[in-house]
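Take the given structure of chain D and dock chain C to it, following the hints.
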Amino acid sequence: MSTATPAVAGDDRVQARSSLSTYLGMPAVGAVIGAVAIAALFLVMAPAFRELGNIGTVMYQASTIGIMAVFVSLLMIGGEFDLSAGVAVVSSSLCAAHATWYFGLNVWMGVTIALVFSVAVGAFNGWLLQATKLPSFLVTLGSFFVLSGANLALTRIIAGGVSSNNISDMDGWSTAHAVFASTWQLGPIELKIPVIYWLILTGILSFVLLRTKYGNWIFAAGGDSAAARAVGVPVTATKVVLFMGVGFGAWLLGMHNLFEYNNVQSGAGVGYEFIYIIAAVIGGCLLTGGYGSVAGATVGALIYGMTNLGITYAGWDVDWLKTFMGVLLIGAVLVNQAVKRKAQA
Amino acid sequence: MTITDQTRTTTAPILELDDIGKRYGNVHALRGVNIRVRKGEVTCVLGDNGAGKSTLIKIIAGLHDYTEGSMKLDGEETHFASPRVAQSSGIATVYQDLALAPLMSVWRNFFLGNEIRKGVGLDIDEMKKVAGEELTKMGIVIPDLDRPVSALSGGQRQVIAIARAIYFGANVVILDEPTAALGVKQSGVVLKYILKMRDAGLGVIFITHNPHHAYLVGNHFVILKLGRVVLDAHRDELTLEQLTGEMAGGQELAELSHELAGADPGKVVPPAPDGAADVVAPTLAADARAELLEEEQDESL
Numbered sequence: 001m002s003t004a005t006p007a008v009a010g011d012d013r014v015q016a017r018s019s020l021s022t023y024l025g026m027p028a029v030g031a032v033i034g035a036v037a038i039a040a041l042f043l044v045m046a047p048a049f050r051e052l053g054n055i056g057t058v059m060y061q062a063s064t065i066g067i068m069a070v071f072v073s074l075l076m077i078g079g080e081f082d083l084s085a086g087v088a089v090v091s092s093s094l095c096a097a098h099a100t101w102y103f104g105l106n107v108w109m110g111v112t113i114a115l116v117f118s119v120a121v122g123a124f125n126g127w128l129l130q131a132t133k134l135p136s137f138l139v140t141l142g143s144f145f146v147l148s149g150a151n152l153a154l155t156r157i158i159a160g161g162v163s164s165n166n167i168s169d170m171d172g173w174s175t176a177h178a179v180f181a182s183t184w185q186l187g188p189i190e191l192k193i194p195v196i197y198w199l200i201l202t203g204i205l206s207f208v209l210l211r212t213k214y215g216n217w218i219f220a221a222g223g224d225s226a227a228a229r230a231v232g233v234p235v236t237a238t239k240v241v242l243f244m245g246v247g248f249g250a251w252l253l254g255m256h257n258l259f260e261y262n263n264v265q266s267g268a269g270v271g272y273e274f275i276y277i278i279a280a281v282i283g284g285c286l287l288t289g290g291y292g293s294v295a296g297a298t299v300g301a302l303i304y305g306m307t308n309l310g311i312t313y314a315g316w317d318v319d320w321l322k323t324f325m326g327v328l329l330i331g332a333v334l335v336n337q338a339v340k341r342k343a344q345a
Numbered sequence: 001m002t003i004t005d006q007t008r009t010t011t012a013p014i015l016e017l018d019d020i021g022k023r024y025g026n027v028h029a030l031r032g033v034n035i036r037v038r039k040g041e042v043t044c045v046l047g048d049n050g051a052g053k054s055t056l057i058k059i060i061a062g063l064h065d066y067t068e069g070s071m072k073l074d075g076e077e078t079h080f081a082s083p084r085v086a087q088s089s090g091i092a093t094v095y096q097d098l099a100l101a102p103l104m105s106v107w108r109n110f111f112l113g114n115e116i117r118k119g120v121g122l123d124i125d126e127m128k129k130v131a132g133e134e135l136t137k138m139g140i141v142i143p144d145l146d147r148p149v150s151a152l153s154g155g156q157r158q159v160i161a162i163a164r165a166i167y168f169g170a171n172v173v174i175l176d177e178p179t180a181a182l183g184v185k186q187s188g189v190v191l192k193y194i195l196k197m198r199d200a201g202l203g204v205i206f207i208t209h210n211p212h213h214a215y216l217v218g219n220h221f222v223i224l225k226l227g228r229v230v231l232d233a234h235r236d237e238l239t240l241e242q243l244t245g246e247m248a249g250g251q252e253l254a255e256l257s258h259e260l261a262g263a264d265p266g267k268v269v270p271p272a273p274d275g276a277a278d279v280v281a282p283t284l285a286a287d288a289r290a291e292l293l294e295e296e297q298d299e300s301l
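Going down the list, the protein sequences come from chains D and C.
According to UniProt numbering, the first sequence is numbered sequentially starting from 1.
According to UniProt numbering, the second sequence is numbered sequentially starting from 1.
Watch out, some of these pointers could steer you wrong.
No more than 20 Å apart at the CA atoms, straight line, and that leaves these computed lysine to aspartate or glutamate pairs for DMTMM-like [to be verified]:
(1) D:Lys213 - C:Asp123
(2) C:Lys72 - C:Asp146
(3) D:Lys213 - C:Asp146
(4) D:Lys213 - C:Glu126
(5) D:Lys213 - C:Asp18
If you're looking for bench data, these hints aren't it; they were derived computationally from the structure.
In isolation and in its complexed conformation, chain C is listed as follows:
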């Protein structure tokens, strides 16, 4: 395949995961994962609950170390000892819960862990000024930076977390399910920021379970399932339909539709007499049950 498309870059990857794996005791949460993150590109990592997305983020962000394979940052093998080390190596993470302390003010949250000092004390004026400017750049204006972040909307909080990540000198930004808790319009805003970050030359890792959001902004797609990569494709090797199909489980969906074939989804049932409905739980086949248990165990980690 000749590479002429301008969606494909030839720069060396800034972050390279080779055969990364992670064990928690007897659970193999992640196995043989290969991902290349390039500057100016959006790499989408998709997967259902319990697929290993959180584990992957924690490894890249320095919360956990990996137990197999190697992670190379700018070509050099790296083990991050803590989130602080990862951050100072240019990897910023915007967590799903945003890592904002709800009762603290906007400016205190913005600079948490990176406070500007003047002598022994904090340079509060400078911090408020910078936080205000950075947020205005991102297109949101918060008139009172002393407000606790719990008083802001979900979208505003997301933007604070993103603005903070960019301001503190990131090369690679990991966004963990940034659109999961947002409405349609706020999701659109976040997706636009993802493109802005790409245009600014950052390497973006966009973790999501929504293939539609991923396909709107992604250059490269990786689908995780039960801790393994089941799809690794560039944008021009894939249509949205294929991505959605793969994400929904491809073959599994076919199985499920076969199982539910006799269920007649359009049927309307008259209400149960006396309001006493007797529902019998569907029985699972042994292997389906085993798989569900494994997923639940994965999830609880």
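Okay, chain D solo, but in the shape it has when bound:
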């Protein structure tokens, strides 16, 4: 060697990254930029959007996506999909409603049965994935169809129609309603309880992902499952727990829907699985796994809430919502890619 540089000098080709590029390198950055742009657009275009009272409505709309999107984003970072997530929410509501009504149970018994059912569906998805070694896209496509068929058929058998029976006169309704569907008025803002669940889940799951051993395993299971297994990470168990998490989210949102409306349509929920995935991807999750953020998915859900109501407030035809979401999805993915390239350069 011709130059004798001290060993600690390091490689002078690598310089410390600027703090700006560190922030730009975070997975959620595309989503944050998108959220600001969307908010600006509707603040200009829709006068009703500027009203303080509508913050509560936007947040509520976002929370009905966000509660699922945070779990779906973890699952996607872990390298898997769950196409059954949309109907699983409805299945959970129906399970609680039918069990309560059919057996004449206390509402809380129905709620507990639904919890066991939803988490078990998640565990089954994870187990089937492991047992068959099929892609999760196929496995959960199957459970999606199984669940949506069962939702319709069992509702027909038990309730004799396409919606669940009224259970609001049964024991335990009022406490369950308070837990899952409370509303508070804070000045002009109407705050619904799922918003609180959504934000708490965002905090907890972000901590789990970034600051716990299990979070490290999620990144590794999605990033390179063979490598993770080789260093002793229990990859299968990690993924099964992620699917069970999605099941838990489906239960929480399903219970809100049940106690908010006291009426569940057996054909509902189809198509929402994609909105959860869109929120996660806008938030920086890669389809291939190993990268993404929970906070990003939460921002993705917020974007959905703002767009959904912004279009209405602006007086545009709501039919355009999905078109808008599609454009946003492509746009966010391109921004995420460009920003990541810049941050790593």
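Just chain C, lined up with the frame of chain D:
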């Protein structure tokens, strides 16, 4: 033969494979393999593609169990239930693909599967500190441990994997083709680490198909072919030429040179007219074809 040479140790082997064999269904991937690994010694396992090297590593690393013979760790017969068990028994494996998750940061990869906790959360500061120190000890400095490992060079990644293996208390380190994907200079760096590990008293198993690299650092050489040991020799029973010859297939090479004898390797042929070259595939003799098929089947496992 009297043992006076200082390259020969007399300590009991830490890892002993006796007549190890492995079947996958109807394929006998490994047959009657005997290997002794001693502390402070480098044991090189050489073999061409499909020779059974990967199967051997997987058995020692706990990814697969063996179906015949016995494996003794410190004199006790052992079956590893999982890579985790092998690791906690002091066997660390640095895989060819390095077992690093590309999009995860350096420190997260370093501690993957062995995370340091503080309460329920991770002790990130401590992990970054230790990872930085260990890598500096190995002579590489990565200023930003938050960088994903995919942004590092092949040599740096190799060193991370080696540093990780040593840090987590290994007695035996298996290196799977560590120089295969590296350039000359980075290969040199890895070979120096192999010697450092030997000097630190670790038992090193160096898997390679490069006899030149093996001869630079090895104390003992085992050549595998089609799942069997075809050579098992100590350094002073062997020259590099012999090792290279054995590795290249010895007798097979002679056969091949006989087959190609009329081919005239120095010949230069004028380009084909109209750019339309008509190449007829060489026909293989029946037994050569059977052997090739068997090797391919081996490889796909």
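Quick rundown of the hints versus the structure:
1. D:Lys213 - C:Asp123: holds (10 Å)
2. C:Lys72 - C:Asp146: violated (40 Å)
3. D:Lys213 - C:Asp146: At roughly 17 Å apart (the allowed maximum being 20 Å), C:Asp146 and D:Lys213 satisfy the hint.
4. D:Lys213 - C:Glu126: Given pair D:Lys213, C:Glu126 holds - Cα atoms ~14 Å apart, limit 20 Å.
5. D:Lys213 - C:Asp18: Judged against 20 Å, a Cα distance of about 38 Å means the pair is violated.
Of the hints listed earlier, those the structure fails to meet are numbers 2, 5, in rising order.
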